Amino acid sequence: MMSCCLNSITDLRSVGFGQSVPEQSLWLLRWFASEIDIDNGDISLTFDPNSFDYGSHHYHNDEQLLDPLPWGYQYYSLGNIHQQGSLRLPHYVTHPQSEHEYGNRARIIIRVWEQNVGRQTSQRIDRVYITQHYETSEHRGTEYDPLHTYRVTTNLLRALRRFFLDPINLLMSLRDDSQFSEERNTRNTWECAVF
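Quick note: the sequence shown uses numbering that gives the first Met the number 0, first residue 0, plus one each step.
One should not assume that every hint holds.
[As the list claims (entries may be wrong)] Per label pair, the in silico range of CB-to-CB distance: (1) 69 / 37: 32 to 38 Å; (2) 145 / 114: 29 to 35 Å; (3) 115 / 89: 18 to 24 Å; (4) 94 / 56: 19 to 25 Å; (5) 115 / 45: 16 to 22 Å.
Simulated from the structure, these hints should not be mistaken for lab results.
All of these numbers come straight from a predicted model, not from anything done at the bench.
Glycine included, every Cβ here is placed at the ideal spot set by N, Cα and C.
My request is simple: use the sequences and hints to build the entire structure.
Written as structure tokens, this is what we have:
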């Protein structure tokens, strides 16, 4: 099963984004936070994952990485940068400016409940996960790595939305440089108090 739940920017830093977890995962999560609608804690999609937009497709959970699906729910995986769809991921996700090349490992998995309302279908997300494929050197095929799979809360998605126009501060808050440690701790304490 997955590692833990991420509720804040501090939690992101504690799991090693940019070190043991590819920086591309951070950019994918930041993009996702800006692409969804959040209203009173309810998360709604602004695109149809059935149309393969943003590298999306059904995720069948064959390796039992996540909980079994309740009736009426579906898992979708997002972030395959090589999958064709009408809507593509932005350049900062597909080509992150980082010292290391991590390829196409980062993914977001969402658990979606589809509700028919009149003639429209509403898609609500009740769970969000960030994960990654095993490294190719591990010879595990396309399985996801349970040690690098984290549930993401609505609080963290809201915090990432605030950083959408300020990616430098997001990176600064995640870097593990002792020079900025005190400043980051002060900023993160303030952020947690706000949310």
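Evaluation of the provided hints:
Between residue 69 and residue 37 the C-beta distance comes to about 22 Å, which lies outside the given range of 32 to 38 Å. For the pair residue 145 and residue 114, the supplied restraint of 29 to 35 Å holds, since their beta-carbon distance comes to about 30 Å. The hinted window of 18 to 24 Å between residue 115 and residue 89 is violated, with their beta carbons roughly 31 Å apart. Range check, residue 94 to residue 56: about 22 Å between beta-carbon atoms, so the 19 to 25 Å window is met.
The given range of 16 to 22 Å is respected by residue 115 and residue 45, whose C-beta atoms sit roughly 19 Å from each other.
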